[in-house]
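With this note's numbering as the guide, the letters of the sequence shown map in order to residues 7 to 143.
Be aware that a few hints might be false.
Stated by the list, open to error - Distance condition first, Cα-Cα at most 20 Å in a straight line; then the derived SDA-like pairs of lysine to any residue: (1) Lys120 with Glu62; (2) Lys107 with Glu71; (3) Lys94 with Glu62; (4) Lys107 with Ala67; (5) Lys99 with Ala45.
Note that these hints are calculated values from the structure, not bench results.
These numbers were taken from a predicted model, which means no experiment stands behind them.
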Amino acid sequence: MPFFALIVSLLLSIEVVGPESEVRPLAAAPTLVSPSGKATIQHLARGQMAYVGRLEMAGGAAVPEHADATEEYIHVLEGEGVITIDGKASPVKAGDTVFMKAGARVSYQNGPAKMVAIQVFAGPTPADKYQQWKPAN
Numbered sequence: 007m008p009f010f011a012l013i014v015s016l017l018l019s020i021e022v023v024g025p026e027s028e029v030r031p032l033a034a035a036p037t038l039v040s041p042s043g044k045a046t047i048q049h050l051a052r053g054q055m056a057y058v059g060r061l062e063m064a065g066g067a068a069v070p071e072h073a074d075a076t077e078e079y080i081h082v083l084e085g086e087g088v089i090t091i092d093g094k095a096s097p098v099k100a101g102d103t104v105f106m107k108a109g110a111r112v113s114y115q116n117g118p119a120k121m122v123a124i125q126v127f128a129g130p131t132p133a134d135k136y137q138q139w140k141p142a143n
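All chains should be modelled from the sequences, with the hints used to inform the complete structure.
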């Protein structure tokens, strides 16, 4: 067997350990509440290298400056606000998609209305920061 074929056959025989594949209805997605009580996140899907959540923030809520170890994407479904990435402030509104590289310094100020967004983290240990949030009642 040629060396390349041997490597491919070995790679194909490796069992991937991680969460099981699933279809999760929105109603079954666990919901957590932020420490401030002004935001919720619904865990839509999480694997070893990516996370998808549905984020809701109350009008006027803010996210203080922080940096995540993974890439982050936000797609705004409702609402508007101002996101600051590495010192550059940009308005965001429904229909906008934001990319934040790993390690970017990010803060967010929500507008007066509720904001709803789909949030994606890509990379090892995605969305670990939500472990500090509490289950919704």
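So, going through the hints one by one against the coordinates:
| no. | hint | verdict |
| --- | --- | --- |
| 1 | Lys120 with Glu62 | holds (7 Å) |
| 2 | Lys107 with Glu71 | holds (14 Å) |
| 3 | Lys94 with Glu62 | violated (23 Å) |
| 4 | Lys107 with Ala67 | violated (23 Å) |
| 5 | Lys99 with Ala45 | holds (17 Å) |
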